[in-house]
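> Next come the chains, spelled out residue by residue.
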Amino acid sequence: MYNLHLTAEQLEFRDTVREFVQNEVKPAALHPSRLEPFEKPLLASLLDDASRMGLRTLSLSEAAGGAGADSLTTCLVLEELAAGDIDIAMALGITQGLARVLFDETMNDAQRGRLLPEFVEDARYHLALARSDFADRGWNYHRADAGEPGTDPTATKQANGEWVLNGSVGFVQNAPIAKLFVVQARTDARKSGRNGLTTFLVPREASGLVIGSVEGPFSGQATGGRPLTRWHHGTGAHVRFENCRVPAENVVGKDNQSPLAAAVHDVRADVQIAAINLGLGRAAYEAAVDYAKIRVQGGRRIVEHQAIGTILSDAAIKLELARNQIWKAAWVADHPDAVTDRSVADLPLHTIARVYTAEAVNEVTLGAAECFGAMGVMRDMPLQKYVHDAFIFLNGCGHDSATKLEIAEAIAGFERQAAA
Amino acid sequence: MDFSLNEEQRGWQMEARRFAEEEIRPLSAKQDQIADPRETWDWDIIVRGSKLGFRTLAVPKEWGGPAADFVTQAIVMAELARGDSAISKAFSQNWKWSHLIAASCTREQKERFLKPFMADHRYLMGRGITEPNAGSDNRLPPPDAPKAGYRLRAERDGEEWVLNGEKCFIANGSVGSLFFVDARTNPEVNVRQGGTLFMVPKGTPGFRVGKVFNKRGWRFYQNAELIFENCRIPHANVVGEVNGGVKASAGDTTGGDIFGDLELAANAVGVCDDAISMAMSFARTHKRAGRPVMDHQIVQLKLNEMHALTEALRSYVMRVAWERDQGGPVGANAGLAMNLSTDIIQRVTRLNMDIHGPEGCMMNARVDKLVRDAMVWTHLAGDTVQRIKILKRLGGTAAPSAGAH
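Chains S and D, in that order, give the protein sequences.
Residue numbering for the first sequence is 651 to 1070, as defined by our numbering.
Residue numbering for the second sequence is 42 to 446, as defined by our numbering.
Hints should not be assumed to be uniformly reliable.
Calculated cross-link-like contacts (lysine-lysine; reagent style DSS-like; alpha-carbon spacing at most 27 Å) [unchecked claim]: (1) S:K676 with D:K252; (2) D:K102 with S:K841; (3) D:K102 with D:K288; (4) S:K829 with S:K904; (5) S:K1054 with D:K328.
Hints were generated in silico from the structure; no laboratory data involved.
If we strip away everything but chain S, and leave its shape as in the complex, we get:
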């Protein structure tokens, strides 16, 4: 069986978001006054508008008050949103993804009862996940986790059952806008990697939770004198825990067993990031197609030149193939039995989607920019921003060229031993 028909509901959802992006998001996001400055503050009121459209609670179940979107629908929507503004897409993508993981899958009834109503009601209620990033994805190819200590925040249990959190996470996405932090802290120092972690719910107002500024540090002593440049999508900040006390009732799951460490959550998150990345590529491609149809050089519209035609068809090929893989990986995440009944390959389809999309969209944005000639490198035009954003996907967001080695490990049937 093979069926690529979207449901009437999926199509409607996509069209609604597409219209919102076209009429509301693009005019603000692509205005030269926003494009030219180095700093691009989050478009807060559009983020709120998107929340009110239900995008913040997109994959939260209907029973919990969300739209109950499956992975595939979520990818459709995030692609549309990202074609308008990558930062809004990333911020909403994180909140709506975590909402499902927390409220539908891992919280107990008491926690849900305490936190869910406010989350559903408040359009500005965002979520953030604070954990040491697995930046070494793929680098530990065919080896045990290096088990370098001291990178995770730590938590120690007090006699009264309360926990005390200390340490910091270098960069937490959504930290500047989150009302609730999900914190993965090391509670068993003898374990490493994904073992020995406990998950805590820490409200923004908790004493001892220190959220860094959105700005910098980009140079000076804090960076060892080297100039650095902002390199992420959405919004984020450094987060520090200074004797931050968390009651036992705020532990999600069991002590020393973080339910968020389960691979399934990362599978869905990876596919959704790939969908956001795809939306970026589509925006660049569509801009190039529109321009190629009106720009005249060589006595004809440039779309009629073979050189431009080649660039546009390469872009279309790459975007179509990326979308195929994203949809497939998302659908398999929604239908895991497709792997067990041998309908699809037992490979990390989400990683394949993520890696391929990052590489493909990088090339798509560069080709699209080339169609614009000199205007392709000008900061008051969107093309250079698309190129920049695509490089961040290629070498950032916890992904780089070593990520594909995870696929090779799966091919070889390698199973990682946690460091002792």
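Given the coordinates of chain S, assemble chain D onto it according to the supplied hints.
Using the frame of chain S, we list chain D on its own:
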């Protein structure tokens, strides 16, 4: 074959290397990070470089210049570009027009313009060809559309010409003292038959600088709009003959001669050298998954590729420069080297980014800068028009309908 440099060439190389390391490099990232495109320029570094001879490197001896050969010019461009690609270009841009003056200007014009150029450390030059609706059409004029190409109009009025129109993206536009401006003196025929080249000094009534473009890369180097409103230019400022603009620029509307092509290729060598030294240093001093970055095969393969591509480009650039110095025919090689440099500079600067990777939510600003600077090549030296254009020199017919922009 002899690849050794003579004493003079070696001397220029050492001086350029020292200047790039000690004076350009400390300024490079700082100027790049200035958001306002009008503020990225720094006269002090230009004056200091000029005092060392870098601004006037290509001027013939009889006019007081060092008359450096092409091998020296290529070496100096690459060395300066190691410090900052755009600052290197700010110097070499003047050599391009020194070549043009030497080749095409009368003795009287040289008196009027080369002398002040030699005397003033802040005297820079530029060339105005591109217009909003004429980019590729200037490089590859379509035979079936004679009106394609630049439209800036020049009309004769006695011993003067009256210029009206607008140029965009003009290099050194906001800082130049003298511009070579291509104008239509016969709008009924194509730019090759109806275009004339004029010398327009800064401050000429009716000539002003418009916006300074805000580029993703090469931020130090300023490209601006030049606006002409009834700007009167004496006939004595025509370069070559009326309707002979293309001939005056030695048959090429974009670079004057092979120098324009060689310039970009040589500059790219310096950027690649910079990327390699950054990548090597990072790979030696940082770890991934508990092992030195250098110990990972995926990094070793990338470092190998960076070195191989850069050395291949260097060889090609030096061969073109040397052949030109020997007086032999250069043919298509300068242009091909330029096109190739576009591919190589992209690949090498991106491999450097790949090896570094992000640091949390941040990226080493210089790693990003090299990638951004490299992108300028794609939109300047290696776009499809620049590649197709070279076919003419290879004996093809440069399919005129295959333009891009």
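> Next, verify each hint and record whether it holds.
Going down the list of hints, with the structure as the test:
1. S:K676 with D:K252: 25 Å, holds
2. D:K102 with S:K841: Not OK: K102 of chain D and K841 of chain S at ~74 Å, beyond 27 Å, violated.
3. D:K102 with D:K288: 25 Å, holds
4. S:K829 with S:K904: The hint holds at about 23 Å.
5. S:K1054 with D:K328: Holds, at roughly 19 Å.
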